[in-house]
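Trainee: Each chain is listed here by its residues.
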Amino acid sequence: MKKIISFLVLIIIFSTCKNETDCCVNLSPITVNLKFTHNWNGVALTAADFNSFKFTTENGETISIERLRYLISNISIGNTIKDYNLVNIGENTGSEITFEEVNQESNLLQFTFGFADEDNIDGVYQDLNSASFNVPSMLGGGYHFMQFDGKYKDTNNQDANFNYHAIRAVDRSDPDNLVFEDTSFKIDLGTIDFTNNATIEVKINIAEWFKNPNTWDLNELNTVLMPNFEAQKLMSANGKSVFSLGEITQ
Amino acid sequence: MNCTSKEEKEDLYTPIPYNLKIPTLFADKLIAPIIPTNNPLTEEGIALGKKLFFDKILSGNGTQSCATCHDPQKAFTDDRQFSDGIDGIFGNRNSMPLFNLAWNFDERFFWDGRALSIERQAFEPVTNPIEMHANWAIVANKLQEHSEYPILFKQAFGTLTIDSTLVTKAIAQFERTIISGNSKFDQFLRGETTLTTEEQNGFDIFMDEARGDCFHCHGSNNNPLWTDNSFHNNGLDTTFSDLGLGAITGDPADNGKFKSPSIRNLVYTAPYMHDGRFSTIEEVINHYSEGLKPSATIDPLMKKVNNGGVNLSAKDKADLKAFLLSLSDLDFINNSNLQE
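For the protein sequence lines, the chains are A and B, in the order given.
My numbering applies: residue 1 is where the first sequence begins, and numbers increase by one.
My numbering applies: residue 1 is where the second sequence begins, and numbers increase by one.
Excised from the complex, chain A in its bound form (with noise of 0.2 angstroms):
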């Protein structure tokens, strides 16, 4: 009996052991920091460069940048999501967010750039509507994507504004019948193994929102963009190739 009971013991205690062999397989959970950085096709670009004519398109328009704040939204690392981020690139604003209790595993990340329809609702964002970044209810209303301002040199080498602003694409052909598609888009930047608190940048190369595929040319599209159905399509396009991941410390 006696052989009987140590036995028993004996599997209790390996059991025991195991268990506490898989609790340290279960790692604690992380934070990850995300960081926006912004760049013209690879020159860094910050608030410090605005309001001068240092930048040249693809087009070879040159330009100078006076605001630029874009909405991101659905940001996800694995199973930890934020609603949306509104970053002010001007007032140096958003460009950082902070994701507590990530799991140290392999986690995709993507986001959202503006927001998708189902996200769009007129109006309930109160910092956002605080912020200004509404779309007027005859476009559909909802938010900007992106306002981005600013003045290039025309053919005439005079100064011209431009407003490059993103939002979903409404065709107003018929006002009363406004036909709607949706322009935001998925920025997927792969799966990320994540072994310890992390920092991730996401680079943004500004140059591309006037370059791929479509070459933007502003003295034909600059201003009132936001009810130009074509352009909102094109501005979706060249988009696409804006972000990318850089540089992963952890």
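Don't read these hints as lab results, they were simulated from the structure.
Where is the CB? At the ideal position from N, CA and C, for every residue including glycine.
Among the hints, erroneous ones may be present.
Stated by the list, open to error - Examples of chain A residues lying across from chain B (beta carbon under 10 angstroms, computed):
| # | residue |
| --- | --- |
| 1 | THR62 |
| 2 | SER64 |
| 3 | GLU66 |
| 4 | ASP122 |
| 5 | ALA131 |
| 6 | PRO136 |
| 7 | GLN147 |
| 8 | ASN161 |
| 9 | HIS165 |
| 10 | PRO227 |
| 11 | GLU230 |
| 12 | LEU234 |
Use these hints to put chain B onto chain A, whose structure you have.
Mentor: Same frame as chain A, but now just chain B:
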């Protein structure tokens, strides 16, 4: 054993917290107003601030109060291009209307944004030599010697000792209660009334990027402040005699930029612009329609500057004015809580 004497206990007074009455649309659409943790609103603080706001004791010779240039009947501004101080000297900026200041989220006040809170803003006019031209130490002493003020400060802030910091805190508390949110257009947004055809068309022009495109700087049905509280060069001049924000930041890119005022209550707040150059709403609309002047810092949102502006038709101008007037808030003007 309690060491506090009976006399000290009787001196203790706890001010009554005040819940700001936030208009429904503001509560629905906007983030919370800014109430500093070191200056919470109280019944006593607001009452004291109101008394101070209307009291000429703050000026050097006892002839001017805050209300002299910020008349409640004129949406807390005056009707002059420039206001003269106690010595008859005129400034070079138009007196700003005061309302909905607690929703100025960036907390930059004055046309040039030089004051970074309402409390700090309230410091300046008292000592400004071309305004109230007083000395804070003397003002504090006069208040200290006053028959009523010491007990009012005691009730509001727990001390009989009056100084400029507490004076400006009290004034700021009162100013945070100056709220305008019940114009006809607010009532329309709440489903309580309808707009005329002209008002509706005017609103459409306001919101149309291809016509007025006013909404980028002046709010919308979803931002009922009707301002972005930001700073823009709206094409008034080609060169600048007044640098505005640029004089504060030292950044030439900010030259000629001034705060976007709210377009609420325009019927009460003429003349317009930072220098009061426009006497009528029509002149303001004409400026954006045909009068824009190019400069290095003109805001890119002044998109058709090379054509002088957005070139509205006469009908559109009239309708836009009709919409703007629908933002007049008579309840605010007549709010007895805000009168002397």
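Trainee: All the hints need checking, so say for each whether the structure fits it.
Mentor: Going down the list of hints, with the structure as the test:
1. THR62: violated (14 angstroms)
2. SER64: For SER64(A), the interface hint holds, since the closest Cβ of chain B sits about 9 angstroms away, which is under 10 angstroms.
3. GLU66: holds (6 angstroms)
4. ASP122: holds (7 angstroms)
5. ALA131: Constraint on ALA131(A) satisfied, holds at 8 angstroms.
6. PRO136: holds (4 angstroms)
7. GLN147: Where the cut-off is 10 angstroms and the nearest Cβ of chain B is about 8 angstroms from GLN147(A), the hint holds.
8. ASN161: Where the cut-off is 10 angstroms and the nearest Cβ of chain B is about 4 angstroms from ASN161(A), the hint holds.
9. HIS165: holds (8 angstroms)
10. PRO227: holds (6 angstroms)
11. GLU230: With a closest approach of 15 angstroms, the GLU230(A) hint is violated.
12. LEU234: violated (17 angstroms)
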